[in-house]
Amino acid sequence: MEQVLRKEARKLLEEEKVDYIVGFAPGSLKFSTTPLITKEKEEIASLVINPFIVNNLAKFLTEVRGRVGIVAKGCDSRSIVSLIQDNQVVKEDVVIIGVPCSGLIDIVKVENLVGKDRDEIDDIALQGEKVVVTAGGKKRELPTKEVFFEHCLGCEFPTPQEYDTLIGEPVAALGDKELSRKKIKELQDMTPEQRWAFWKEQFRRCIRCYACRQACPACFCERCFVEESQPQWVSSVPQWQDNLIFQVIRNIHVAGRCTDCGECERVCPQNIPLRSLSKKMSDLVEEMFHYKAGIDRSAPALMSAYEHAEAEDLIR
Amino acid sequence: MEHKSEWEPRILGVLCKWCSYAGADLAGTSRKKYPANLRILKVPCSGRVDPLLILKCLRLGFDGVVVSGCHPGDCHYQTGNYRARRRIALTKKFLEYIGIPEERVKASWVSASEGLKFAQVVAEVAKDIEEVGPNKLFARDGD
Chain R
0 MEQVLRKEAR KLLEEEKVDY IVGFAPGSLK FSTTPLITKE KEEIASLVIN
50 PFIVNNLAKF LTEVRGRVGI VAKGCDSRSI VSLIQDNQVV KEDVVIIGVP
100 CSGLIDIVKV ENLVGKDRDE IDDIALQGEK VVVTAGGKKR ELPTKEVFFE
150 HCLGCEFPTP QEYDTLIGEP VAALGDKELS RKKIKELQDM TPEQRWAFWK
200 EQFRRCIRCY ACRQACPACF CERCFVEESQ PQWVSSVPQW QDNLIFQVIR
250 NIHVAGRCTD CGECERVCPQ NIPLRSLSKK MSDLVEEMFH YKAGIDRSAP
300 ALMSAYEHAE AEDLIR
Chain D
0 MEHKSEWEPR ILGVLCKWCS YAGADLAGTS RKKYPANLRI LKVPCSGRVD
50 PLLILKCLRL GFDGVVVSGC HPGDCHYQTG NYRARRRIAL TKKFLEYIGI
100 PEERVKASWV SASEGLKFAQ VVAEVAKDIE EVGPNKLFAR DGD
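First to last, the protein sequences are chains R and D.
Going by numbering that gives the first Met the number 0, the first sequence runs without a break in its numbering and finishes at 315.
Going by numbering that gives the first Met the number 0, the second sequence runs without a break in its numbering and finishes at 142.
FYI, nobody ran anything at the bench for these hints, they're computed from the structure.
Misleading hints may appear alongside valid ones.
To be clear about the criterion: a stretch of chain D counts as covered by chain R if any three or more of its residues have a C-beta under 8 angstroms from a C-beta of chain R, and this derived list gives those stretches [as the list claims (entries may be wrong)]:
{"hint": "1", "region": "12-23"}
{"hint": "2", "region": "74-82"}
{"hint": "3", "region": "101-110"}
Just so you know, these numbers come straight off a predicted model, no measurement behind them.
Ideal Cβ placement from N, Cα and C applies to all residues, glycine included.
Please model the complete structure; the sequences and the hints are all you need to start from.
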């Protein structure tokens with residue numbers, strides 16, 4: 000698969016169809032990858048596809064100037080479509096190299112399950128519904144459900160819906176809706192007071208590093224509302240009240256744009272379960288307005304459209 | 000007269016200038032009685048209402064926020080209230096999920112001729128908020 004990808008990427012550069020290739024290269028740590036943005040043909044050889052290509056590269060589309068050939072998993076391609084809907088990206092400037100994704104492995108979960116640091120693990124291989132971990136000459140099989148990211152478990156579109164070339168064969172969706180909404184279900188079963196207390200505790204830990212915002216492809220505002228000073232909507236000092244307001248408003252801003260790529264939660268250094276907010280938001284959007292983010296690039300964005308009769312039950 | 004320290008809800012009414020604000024005016028000129036717990040903020044259109052404004056007001060200690068605009072189809076700018084409806088409905092549901100009781104964020108359509116409805120809406124909102132009690136959501140607690 001990697002060979003096909005490299006050939007394709009090289010061809011795009013050689014034929015001058017794109018100015019840049021945006022993809023994944025091996026990371027500095029074991030079992031990690033890092034985004035690669037390049038116009039050099041020599042660097043194409045380092046492009047990789049594996050179950051550790053966690054970043055949502057659509058983020059870079061609003062930053063890289065010029066035509067871009069971009070490696071996109073299912074969720075990434077939806078983010079690209081969403082950016083096109085929002086007029087942030089011009090379709091003609093993007094060549095989507097679609098990569099069907101059968102799920103991404105959370106290395107932290109593997110480390111915890113085998114009780115070893117990533118440096119002590121020799122190999123992690125995805126084989127169907129199992130992940131085979133080799134460490135110290137011993138092999139151990141783990142079910143994918145235990146090591147995949149939660150958002151991958153509920154993924155509906157593992158194969159990009161929008162692409163110019165597709166590398167490899169389409170894969171079936173895991174679509175375990177219940178498992179990927181376990182935390183949301185737990186929260187919904189609580190009383191409002193308990194839920195508020197839960198989020199309050201979570202946001203007490205927030206250090207407002209804005210990693211969630213920086214990693215999110217849907218957060219494309221040139222100036223974020225938290226940086227406004229006249230009026231200053233939220234304090235720049237990390238207090239839980241303002242941290243919570245920041246995250247709630249961020250979620251409202253990305254409503255109808257969030258494709259459940261799970262980047263916000265993955266990058267959070269404080270391990271705040273941010274996906275329990277964003278996924279709930281996508282569920283509400285679907286339930287109330289029958290809208291899914293990044294499916295149809297000719298459709299208007301969620302908040303720029305309306306139906307004559309909707310949500311009237313919520314209004315007196 | 001009741002004791003001064005007894006809690007009374009403080010409610011923010013965000014009213015569109017074309018319909019609900021005029022509706023509030025009519026309630027006044029027609030001498031309709033409604034609870035005096037409402038502070039009014041006039042906006043050009045309900046479509047202008049940013050969810051951030053709602054949260055900011057709750058953060059500042061308002062016990063509830065009610066957003067009111069023209070009936071669907073009657074917006075002075077044609078579509079402002081339709082956009083407001085999507086945004087506010089979603090905000091309401093999402094806030095409920097994180098634990099803000101839905102009574103604290105309300106929305107209504109009041110036209111310039113509905114002085115009576117305006118008075119009723121305010122009375123209902125005030126009653127609901129009195130039931131949920133003072134807003135201590137964002138209160139400091141040794142943080």
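Hint check:
1. As drawn, the region 12-23 of chain D meets chain R at 0 residues by the rule of a beta-carbon pair under 8 angstroms; below three, the given contact is violated.
2. With 3 residues having a Cβ less than 8 angstroms from any Cβ of chain R, the region 74-82 of chain D passes the three-residue criterion, so the hint holds.
3. Only residues whose beta carbon comes within less than 8 angstroms of a beta carbon in chain R count, and the region 101-110 of chain D has 4; three or more means the coverage holds.
Violated hint: 1 only; the structure is consistent with all others.
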